[in-house]
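Given these sequences and hints, build the entire structure.
Protein chains in written order, with the UniProt record's numbering: chain A, 1 to 303; chain B, 1 to 303; chain C, 1 to 303; chain D, 1 to 303.
If you are wondering where the hints come from, they were derived from the structure by calculation, not from laboratory data. Quantities reported herein were computed from a predicted structural model and do not represent experimental measurements. Heads up, the beta-carbon is just placed ideally off N, CA and C, and yes, glycines get one too. Heads up, some of the hints might be wrong.
In silico lysine to aspartate or glutamate, EDC-like type, Cα no more than 16 Å apart, as pairs [claimed, not checked]:
{"#": "1", "chain 1": "D", "residue 1": "K13", "chain 2": "A", "residue 2": "D134"}
{"#": "2", "chain 1": "D", "residue 1": "K281", "chain 2": "D", "residue 2": "E243"}
{"#": "3", "chain 1": "B", "residue 1": "K175", "chain 2": "B", "residue 2": "D198"}
{"#": "4", "chain 1": "C", "residue 1": "K268", "chain 2": "B", "residue 2": "E243"}
{"#": "5", "chain 1": "B", "residue 1": "K268", "chain 2": "B", "residue 2": "E89"}
{"#": "6", "chain 1": "D", "residue 1": "K82", "chain 2": "C", "residue 2": "D247"}
{"#": "7", "chain 1": "C", "residue 1": "K13", "chain 2": "D", "residue 2": "D59"}
{"#": "8", "chain 1": "B", "residue 1": "K268", "chain 2": "A", "residue 2": "D247"}
{"#": "9", "chain 1": "A", "residue 1": "K13", "chain 2": "B", "residue 2": "D134"}
{"#": "10", "chain 1": "D", "residue 1": "K82", "chain 2": "C", "residue 2": "E32"}
{"#": "11", "chain 1": "A", "residue 1": "K268", "chain 2": "D", "residue 2": "D59"}
{"#": "12", "chain 1": "D", "residue 1": "K13", "chain 2": "A", "residue 2": "D59"}
{"#": "13", "chain 1": "B", "residue 1": "K58", "chain 2": "A", "residue 2": "D17"}
{"#": "14", "chain 1": "C", "residue 1": "K58", "chain 2": "B", "residue 2": "D17"}
Pairwise CB distance ranges (calculated) [claimed, not checked]:
{"#": "15", "chain 1": "C", "residue 1": "P135", "chain 2": "D", "residue 2": "E243", "range": "54 to 60 Å"}
{"#": "16", "chain 1": "A", "residue 1": "P36", "chain 2": "D", "residue 2": "E243", "range": "34 to 40 Å"}
{"#": "17", "chain 1": "D", "residue 1": "V138", "chain 2": "C", "residue 2": "D247", "range": "27 to 33 Å"}
{"#": "18", "chain 1": "C", "residue 1": "E243", "chain 2": "A", "residue 2": "R151", "range": "55 to 61 Å"}
{"#": "19", "chain 1": "B", "residue 1": "L21", "chain 2": "C", "residue 2": "D199", "range": "37 to 43 Å"}
{"#": "20", "chain 1": "C", "residue 1": "E272", "chain 2": "D", "residue 2": "R150", "range": "16 to 22 Å"}
{"#": "21", "chain 1": "D", "residue 1": "G249", "chain 2": "B", "residue 2": "Q278", "range": "22 to 28 Å"}
{"#": "22", "chain 1": "C", "residue 1": "A112", "chain 2": "B", "residue 2": "Q278", "range": "35 to 41 Å"}
{"#": "23", "chain 1": "B", "residue 1": "G38", "chain 2": "A", "residue 2": "A303", "range": "58 to 64 Å"}
{"#": "24", "chain 1": "D", "residue 1": "A14", "chain 2": "A", "residue 2": "H276", "range": "57 to 63 Å"}
{"#": "25", "chain 1": "D", "residue 1": "V138", "chain 2": "C", "residue 2": "R177", "range": "36 to 42 Å"}
{"#": "26", "chain 1": "C", "residue 1": "E243", "chain 2": "D", "residue 2": "K149", "range": "40 to 46 Å"}
{"#": "27", "chain 1": "C", "residue 1": "D247", "chain 2": "A", "residue 2": "D116", "range": "29 to 35 Å"}
{"#": "28", "chain 1": "C", "residue 1": "Y223", "chain 2": "D", "residue 2": "K93", "range": "42 to 48 Å"}
Far from chain B, by Cβ distances over 10 Å, these chain C residues were calculated [as the list claims (entries may be wrong)]:
{"#": "29", "residue": "V67"}
{"#": "30", "residue": "K115"}
{"#": "31", "residue": "S163"}
Number of protein chains: 4
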Amino acid sequence: MAATDALSAGGLKAGLDALPLLPANRAPLATEYPWPAGQKAAMFLSFDVDAESAWTAKDPARYGELVTMSFGGYEARVGTPKLLQLLRELGLKATFFITGWSVEAHPAMCEAILKDGHEIGHHGFHHVMPQPGDPMLVEEVDRGLETLKRRLGVVPRGYRAPSGEFCEELRVLLKDRGLVYTSSFRDDVRPYRHLLADDTPGLVELPVTACYDDWLLGLSQRYSRHTLLTREQVLSIWTDELEEVRDWGGMVTTVLHPQCSGRPMRLKLLREFLQHTQALKDVWIATGAEIADHFIACEGNAA
Amino acid sequence: MAATDALSAGGLKAGLDALPLLPANRAPLATEYPWPAGQKAAMFLSFDVDAESAWTAKDPARYGELVTMSFGGYEARVGTPKLLQLLRELGLKATFFITGWSVEAHPAMCEAILKDGHEIGHHGFHHVMPQPGDPMLVEEVDRGLETLKRRLGVVPRGYRAPSGEFCEELRVLLKDRGLVYTSSFRDDVRPYRHLLADDTPGLVELPVTACYDDWLLGLSQRYSRHTLLTREQVLSIWTDELEEVRDWGGMVTTVLHPQCSGRPMRLKLLREFLQHTQALKDVWIATGAEIADHFIACEGNAA
Amino acid sequence: MAATDALSAGGLKAGLDALPLLPANRAPLATEYPWPAGQKAAMFLSFDVDAESAWTAKDPARYGELVTMSFGGYEARVGTPKLLQLLRELGLKATFFITGWSVEAHPAMCEAILKDGHEIGHHGFHHVMPQPGDPMLVEEVDRGLETLKRRLGVVPRGYRAPSGEFCEELRVLLKDRGLVYTSSFRDDVRPYRHLLADDTPGLVELPVTACYDDWLLGLSQRYSRHTLLTREQVLSIWTDELEEVRDWGGMVTTVLHPQCSGRPMRLKLLREFLQHTQALKDVWIATGAEIADHFIACEGNAA
Amino acid sequence: MAATDALSAGGLKAGLDALPLLPANRAPLATEYPWPAGQKAAMFLSFDVDAESAWTAKDPARYGELVTMSFGGYEARVGTPKLLQLLRELGLKATFFITGWSVEAHPAMCEAILKDGHEIGHHGFHHVMPQPGDPMLVEEVDRGLETLKRRLGVVPRGYRAPSGEFCEELRVLLKDRGLVYTSSFRDDVRPYRHLLADDTPGLVELPVTACYDDWLLGLSQRYSRHTLLTREQVLSIWTDELEEVRDWGGMVTTVLHPQCSGRPMRLKLLREFLQHTQALKDVWIATGAEIADHFIACEGNAA
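Here you go:
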C-alpha cells in the first residue's frame, strides 16, 4: 500500500500531509438483521489460547525465563481444563482461537477442547502481532493453518488477530486462504462485512468488545500495568455493557484467556456472569461460526 | 518568547535560573458573576470528536494499523450516532469540538451533529498537540478553520486544544483569527478572560474539569495505562465533583469522547448522570457559546 | 560518602559487593512517648505547596506549556484559598511546606496561609529532588530559606523533601542550617531522631504516611499513571490506616497538595475525613512544629 | 542450554524458528493427594523479607537514596515486628524467605522471626533476579546459604526466587545444594515435582498465587504503577480466590512483604483475612516445609 509507506517517511508533517481523508475502515454499516428465534442480542463466547506464545512472540529468549513461561503454562495444567469443565456444566459451546505453537506444545489440551465440541479458530502460529509490512504475516497464517489441520484435523473458519492488530495485507490474505470471519476490530456492536481496498467484499467481522478482554482487568501477570479488579467490579462492567447492548439489539464478544479467566477467582466470576446471561433467556450465546453463518444467511436473504 | 528559549538551553540549572518568578498564567481572578435565571452552577457539556486522528497525530503510519484505527472509527459507526440520540431524548444541546480531519473523513457524522443543533467547535486539523515553538501551530488552526467552513459552513467560536496543551503563540493566534473562547486550561472552576503576554486581553476560558475526561477512566484503548472504572465509581466521582462545585457556585466542563462515552457501558452511565443533573433543576447545562456569551455580557454590564 | 561512590562504579556485581551490610537508616527506635493530654494518636496535618514548580523542576522548558502549568496554577487561583477556608471552618492549624519559587510567584497565596496562623515549612526552592551528589542541594536549601525570610519573614523549623528523596549530605546540611525536624522518611509510625553518619544526632523525623499522599490517588494530572479513586475508596483507605495506627498509639502524616486536594471532589472528601477524625476526640491533629516540640520535650524529660 | 542461546541470536524470526515445540515446564501433573486430617485445601502462609535489598538489587547506588531505602527499612523498624505479633495472636506459623543481605543488616529482626518458631527460607543474597545465563546465580545461592547458616544457624529447605524469575540452571543448582522445595512458579494450584531438562526429578514446587502478592495491590512505593486497593477490594479478591480453590481442593500461597503488609492498613486487612480463613476450619494454614513434607510423604506412599 503505497499510501502507508509515504506515512512513515519524511517526518511528521509529511506523514500527516499524506494521510488519506477517508475512514481507515471503509466498510459500510451493515443492515440490522434480527437475531435468531426471538433473541434480543448475541454473545460471542470466545477464548484466546496463547499459552507460552503470548510471552515469546516478542522475545523468544524468554522461553528460558521459567516463571514468566509458567503464566502461560497455567493454561495447559489448570486453566483450560477448568474452563472446559465449566462450559460442560453450563451446557455452552464456545470458540477457542489457538496459536499453532500451543497446538504443537500442548496437544492434549487442544484435543480436549475439540472433543468437547467447541469451535477452534486461527490465532497465528507464534502469536506475532500482524502489522503492516511485517514479513512474517504469510508464514504466521499458513503455518497456523497447517498445524491446525495436521494436529487436530481442523480447517478453521474464524480468525482472531494475535495481540489485536490488523492490516490490509492480512485482510486480503485471510480471504485468499478461505477464512470466513475475523473477530478483531473494535468499531461496531454488530457483525459487518469488510470492504477491501480494491472494493471487493472481505470477511465477516464479529467485533470485539474491549471491556470483555480479561487481560485488561489485571491478574494477567506481575508486569501488568493494570491493577486487579474485584469480582464485583468486573461483574458491574460486564453486565452494564451487556444490558445496554441488549437494548440496542447488538452483540458482545468476549476475549478471555485461560491464563487469566482460568484462575480460580476469575473462573468464579465467569461462572456467575454466564449463569446471569443464561437466565436472561433472550441473549443468544453462540460460537463465532454460528453468528457468522447467521449473518451470511441474512445477507443472502436480503440480496 | 525569548524567556522560554532560555529554559531549554544550557542544562537544568541554567533553565531553572532562567525561570520567571511569575505565575505561568497571569490572568486575574474573574468576578463571580451569577449564573442566569437562578441557576446555582453550570455544566458545559462538551465532546471531543477525534476519530482516527487521535491515533495518527503522533505517528501517521498507524493509519495502516487497522485495529488501532477501529477504536477511532467507532465514533462514526456507532458512538456519535448513539450520543446524538441520547441528547435528543434528554433535550440537551452540547458542543462538539471536531478535528478537521474527522470532518473530511466522516462528513455524514459531522453533518448529523450540526443538523441536531449542537455547537461545533475547533479542535485542530490533525489533532497535533500545540506545544511552544511547534511549526505546525498555524497550519493546524487555519486548516481546521477552513475545513469547518467549507464542509459544514461553520465559523467556530470555541476552541479546545488537541491533547490538551497550549502556548502563548496559540493564545495570540486564536485571538487574531477571531475565536471567542477556549476550553483547555485546568486552573479554575469559573470562566475567566485570558491575559496575553503583551498585557492585552485574550479569549474567554471555560476551564476543563479533569475528572470528566473519559479518556482517563479506562476503556479508551487496550494500551491505556488506566484500569477500567465501573459505573458506580464514575458516578461517585462525577456527582461528588458536581455537588461541591454547585456549593461553590462554579462550573464543570465535560471532556467526553464518542470513542469512550459512546461505548455501551459508558453511554449508560452518561445517561444516568445527565438525568441526575437535570433533576437537580438548578444546574445550567449549556454549550460553550452560551456560557461564554453569558460571561461576556456580565463583563460588559460590569464595565 | 566514599561508599556511595563505589556503588555506582564498576558494574552491578562490583556495586553489590560494595554495599554496606548495615541498615541505610541507622537511627535507633525511639521511645514510645505518650501523646499529650490523653490523646491516643497524632495526625500531622500537612500540605505541600508546589504550584508550577512541581512541573518545572525536571524540565524548566515546560513553563511554556500552559495547560501543564495550569495544573499547578490551580493552587493559587482556587485550591489553596478553598483549603484555607475549610481549615478555618474546622478550626484546624496545619503545616504548609512551600517551595521558594511558589512564594516568589504567588506571594498573595502564601501571605494568606501565614495570616491564617498556619505553620510554614521549607520545601526547596525549585522543587528539585534531593539526590546524593546533586550539585544543587545547597542552593535549593539556602535559596528556599532566604526567600521564606525575605518574602514572608519566616524562619522555618520543618523541612519536607521535594519529590520525597533524601541523602546524608542533606541531613547534615539541614542540621547545620538550624532546621529542627524533617517529614520525609517512610520507615516508621512514630517520631524519631535521625542519627548522622558521624554518629551525632540529626533532626527529628515525623515520618510520612504514603497512603495519605493525594498525588498517588489519581487526579493529579492527565499523565498520572494512577487511576482515579472514588471518595468511598479514599475514605476506606484513610480511615483504615488511622484506625490501626490509633490502636498502635502512633502517628499519621498527610502529604496533601492543593492542586489535588483543593479540587472540588477531593476537598469534599477531605472535609469528611477531618470531621471524622475530629469526632474521634482522641486523635491529636497538630502541626509539625507542635509534634516535634512534644517529642523534643519528651526526649528532654527522659534524659 | 544451547536451545536458549539460539533464541536470542539472529533476530526475531530466527529466534521464533528455534523455539522448541514443547511446554517450557515439562513437569507432569501431580496426583491429587488429599490434605491432612480432613482439610479441604491448604494455605501456604509466606512472607518475603527483602528490606533495602528489594531496592538495591538492580542499582546499588540507590543505597544513598535514603527515602527509597526507608521503604525497605520499614520492615525492620515496624513491619516485621508487627506481623510477628499478629501471628502470635492468631497462633500461626509461617515461612519467611529472607535475603542474605537482610540477615546481615538486620540480624535482630531475623532472630525474632526464628525465635517465634517460624520457618526461614532462602531468598537469594542481594535479591538479584535469577535469569538464564546470569553470572551471579551461583554466588547468590551460595552466599545466601552461608549467611543463613552463620548468622542464624539455619539450613533452609525452601527457596523463593527473588523478583520471581527462574531458569534451568537454577533448578539444577538448588537440587545440588540440597534444597527440598521452591515456591516460585505460577502454573498450578497444587504442589508438584519439577522435572529437570535431563529428565531427573527436581525440587517440589509450591506454586505462588499471584493475587496474594501484596506488591501488586499498591502501597509498596511511590513509584508503583498500581493504584491502591482498599481493604474491601483486597478481601473480595482474596476470599474469592480462596473459596474457589477450596472447592477445587487445591492450595494458595501468599507472597506478602513486611514493607507492604506490615503497613497499618494492610496489617488490618491481613488480620481480618487470616481470622476468616481460620474460621473456615477446613483450610490447612501451614509453612512451606509442612506442605512439602506432606507432599513427599504422599509421593512415597504412592510409590
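Outcome of the hint check:
For the proposed pair K13 of chain D and D134 of chain A, the alpha carbon gap of about 11 Å is at most 16 Å, so the pair holds. Distance hint between K281 of chain D and E243 of chain D is fulfilled; the C-alpha atoms sit about 13 Å from each other, no more than 16 Å. Straight-line distance between C-alpha atoms of K175 of chain B and D198 of chain B comes to about 13 Å, which keeps the hinted pair within the 16 Å bound. Pair hint K268 of chain C plus E243 of chain B holds up; C-alpha atoms about 9 Å apart against a cutoff of 16 Å.
For a cut-off of 16 Å, the pair hint linking K268 of chain B to E89 of chain B stands: about 13 Å separates their Cα positions. Distance hint between K82 of chain D and D247 of chain C is fulfilled; the C-alpha atoms sit about 12 Å from each other, no more than 16 Å. Distance check on the hinted pair: K13 of chain C and D59 of chain D sit about 10 Å apart at the alpha-carbon level, within 16 Å; holds. Between the alpha carbons of K268 of chain B and D247 of chain A the distance comes to roughly 10 Å, so the proposed pair stays at or under 16 Å and holds.
A C-alpha spacing of about 11 Å is found between K13 of chain A and D134 of chain B, which places the hinted pair at or below 16 Å, so the restraint holds. For a cut-off of 16 Å, the pair hint linking K82 of chain D to E32 of chain C stands: about 15 Å separates their Cα positions. With a C-alpha separation of about 41 Å, the suggested pair K268 of chain A and D59 of chain D falls outside the 16 Å cut-off, and the hint is violated. As the CA atoms of K13 of chain D and D59 of chain A are separated by approximately 10 Å, the hinted pair is consistent with the 16 Å bound.
A distance of roughly 13 Å separates the Cα atoms of K58 of chain B and D17 of chain A; the hinted pair therefore holds under the 16 Å criterion. Between K58 of chain C and D17 of chain B the CA atoms are separated by roughly 13 Å; this keeps the pair inside 16 Å, and the hint holds. At about 57 Å, the beta-carbon gap between P135 of chain C and E243 of chain D stays in the expected band of 54 to 60 Å. At roughly 37 Å, the beta carbons of P36 of chain A and E243 of chain D sit within the given window of 34 to 40 Å.
Take V138 of chain D and D247 of chain C: their Cβ atoms lie about 46 Å apart, and the range 27 to 33 Å is violated. Hint check: E243 of chain C to R151 of chain A, Cβ distance near 58 Å, so the stated range 55 to 61 Å holds. Between L21 of chain B and D199 of chain C, the C-beta spacing of about 41 Å keeps the proposed range 37 to 43 Å intact. Under the hint 16 to 22 Å, the C-beta atoms of E272 of chain C and R150 of chain D, about 54 Å apart, miss the expected range.
Checked against the hint of 22 to 28 Å, the pair G249 of chain D and Q278 of chain B fails, with Cβ atoms roughly 54 Å apart. Range check, A112 of chain C to Q278 of chain B: about 37 Å between beta-carbon atoms, so the 35 to 41 Å window is met. Restraint check, G38 of chain B to A303 of chain A: a C-beta distance of roughly 59 Å satisfies the suggested window 58 to 64 Å. As the Cβ distance of A14 of chain D to H276 of chain A is approximately 48 Å, the hint placing it in 57 to 63 Å is violated.
In this structure the hint that V138 of chain D and R177 of chain C lie 36 to 42 Å apart at CB is violated, the actual value being about 49 Å. In this structure the hint that E243 of chain C and K149 of chain D lie 40 to 46 Å apart at CB holds, the actual value being about 42 Å. The hint said 29 to 35 Å for the Cβ distance between D247 of chain C and D116 of chain A, and at roughly 53 Å that hint is violated. The hinted window of 42 to 48 Å between Y223 of chain C and K93 of chain D holds, with their beta carbons roughly 46 Å apart.
Once the 10 Å rule is applied to beta carbons, V67 of chain C is inconsistent with being away from chain B; the minimum gap is 5 Å. With a least beta-carbon separation of about 18 Å from chain B, K115 of chain C lies farther than 10 Å from that chain, consistent with its non-interface assignment. A cut-off of 10 Å between C-beta atoms confirms that S163 of chain C is not in contact with chain B; the least separation is 14 Å.
Violated hints, in rising order: 11, 17, 20, 21, 24, 25, 27, 29; the structure is consistent with all others.
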